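Residue numbers (the working numbering), protein chains in the order written: chain Y, 1 to 95; chain S, 1 to 161; chain L, 1 to 113.
These are calculated hints, taken from the structure and not from any lab test. Careful, some of the hints might be misleading.
Stated by the list, open to error - No farther apart than 30 angstroms at their CA atoms in a straight line, the calculated lysine-lysine pairs in the DSS-like style are these:
hint	chain 1	residue 1	chain 2	residue 2
1	L	Lys108	Y	Lys3
2	L	Lys102	Y	Lys3
3	L	Lys29	Y	Lys3
4	S	Lys9	S	Lys67
5	L	Lys29	L	Lys108
Please read these numbers as outputs of a predicted model, since none were measured by experiment.
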Amino acid sequence: MNKRDFLALAFLTVIAVFLVFSVVFMFDEDLHPFGEPTENDMDQYIIDNTQTETGADNGVTSVVFDYRGFDTLGEATVLFTAVAGVILVFRRLKK
Amino acid sequence: MSGMSRIVKTMTSTVFPFAMIFGLYVIAHGHLTPGGGFQGGAVVASACAMVLVAYGSVWTMRKIKEKHLSVLESLGALGFISLAFLGLIFADKIFFDDFIMGPNGIGMIFNNAALGESDIFTAGVIPLMNFAVGLKVIAGLFAIVLVMAYATVKVKEVKSK
Amino acid sequence: MIYNIPYFAVIALILIGLYAILFRRNLIKIVIGITLIESGVNLFLITLGYREGSTAPIYTLSPGGIMSMPVPQALTLTSIVIGVAVLALMLSFIIHIYRHYKTLDVRKIGGDD
Numbered sequence: 001m002n003k004r005d006f007l008a009l010a011f012l013t014v015i016a017v018f019l020v021f022s023v024v025f026m027f028d029e030d031l032h033p034f035g036e037p038t039e040n041d042m043d044q045y046i047i048d049n050t051q052t053e054t055g056a057d058n059g060v061t062s063v064v065f066d067y068r069g070f071d072t073l074g075e076a077t078v079l080f081t082a083v084a085g086v087i088l089v090f091r092r093l094k095k
Numbered sequence: 001m002s003g004m005s006r007i008v009k010t011m012t013s014t015v016f017p018f019a020m021i022f023g024l025y026v027i028a029h030g031h032l033t034p035g036g037g038f039q040g041g042a043v044v045a046s047a048c049a050m051v052l053v054a055y056g057s058v059w060t061m062r063k064i065k066e067k068h069l070s071v072l073e074s075l076g077a078l079g080f081i082s083l084a085f086l087g088l089i090f091a092d093k094i095f096f097d098d099f100i101m102g103p104n105g106i107g108m109i110f111n112n113a114a115l116g117e118s119d120i121f122t123a124g125v126i127p128l129m130n131f132a133v134g135l136k137v138i139a140g141l142f143a144i145v146l147v148m149a150y151a152t153v154k155v156k157e158v159k160s161k
Numbered sequence: 001m002i003y004n005i006p007y008f009a010v011i012a013l014i015l016i017g018l019y020a021i022l023f024r025r026n027l028i029k030i031v032i033g034i035t036l037i038e039s040g041v042n043l044f045l046i047t048l049g050y051r052e053g054s055t056a057p058i059y060t061l062s063p064g065g066i067m068s069m070p071v072p073q074a075l076t077l078t079s080i081v082i083g084v085a086v087l088a089l090m091l092s093f094i095i096h097i098y099r100h101y102k103t104l105d106v107r108k109i110g111g112d113d
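Only chain Y is shown next, with the shape it has when bound in the complex (with noise of 0.2 angstroms):
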């Protein structure tokens, strides 16, 4: 047990000063500032094109169903299996 707390202390050190460093130290270049992102081309077509293309007034609902709407039938896949996995879990066999 004293071996394994010091291994599990010693990973946790580590990725606490990865993590730190990677934010302090990294401004400026890699890391924008937060409220200046990156300058995006797409979401800058997405938010001037919405309503003359899909006919929606909300952005975020248009992106999910109609410019990206593969990744919300994967979505739905997922949650498809979750439920048929958790009722499989407390089936009853009749004896």
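Could you slot chains S and L onto chain Y? The hints should help.
Leaving out everything else, chains S and L in the frame of chain Y:
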């Protein structure tokens, strides 16, 4: 698990219709205000879980069996897939196409132009997809909570024999 | 530096969740640690898409001006639903384990040390 006292049962049966109407409002207006299928489905499933906690799982299992809930969930998933396949037949012959408001859309019910006012009959195929996904999420989350709450009752009955 | 507080909140959530997974013995506390890490990652996804002085990307009675990016918000929606599905499966397996071993202590279930 057994139900709670009479005060809790009365207040739950008073609050439950209002919570369900609010959840259905969030699902139906998904293309105008923040919300949609997944968010509204979570609200209605929370209201149904509140009824399950107040009345006890034995009473609820007598009213609704889990095979009815799985039929409802399969209907929701099949509706979503068939709306995606209808894009192959009409208009542009692309899978997962917007066949009501797209470039060569057929323009049936939901085809007004969006101008920033709250008009329900806009946004093409998006409201139909919202209803299908909302039904799927309601049935799925309620089935999970019901099966897990009922599984703990049978163990106690078997052990006491 | 003090203006970038959301990134420090993400680091705090991930580190607390990792501590709960490594150093706790009850199975349910380990599951709570996994949920904390997922919440931290969702917060990080939303933080990446904020423009300064912007409003929500909705056109109904909007006050005008810049709008924030809608794509990270759509990806976070999918991630939250997947987190709920994984949590439901983990909890049902814990109920099944409790019926067989009669205890929830991870060091007694996993064999001798």
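Pair hint outcome, Lys102 of chain L versus Lys3 of chain Y [Cα-Cα no greater than 30 angstroms]: Within the cut-off at roughly 28 angstroms; holds.
Satisfaction of hint between Lys3 of chain Y and Lys108 of chain L, Cα-Cα up to 30 angstroms: Answer holds: Lys108 of chain L to Lys3 of chain Y is near 18 angstroms, not above 30 angstroms.
Holds or violated: Lys29 of chain L to Lys3 of chain Y, with C-alpha atoms at most 30 angstroms apart: Satisfied, since the Cα-Cα distance of roughly 22 angstroms is no more than 30 angstroms.
Hint consistency between Lys29 of chain L and Lys108 of chain L [alpha-carbon to alpha-carbon, up to 30 angstroms]: holds (16 angstroms)
Lys9 of chain S paired with Lys67 of chain S [C-alpha distance capped at 30 angstroms]: holds (26 angstroms)
Hint compliance for this structure: every hint is met.
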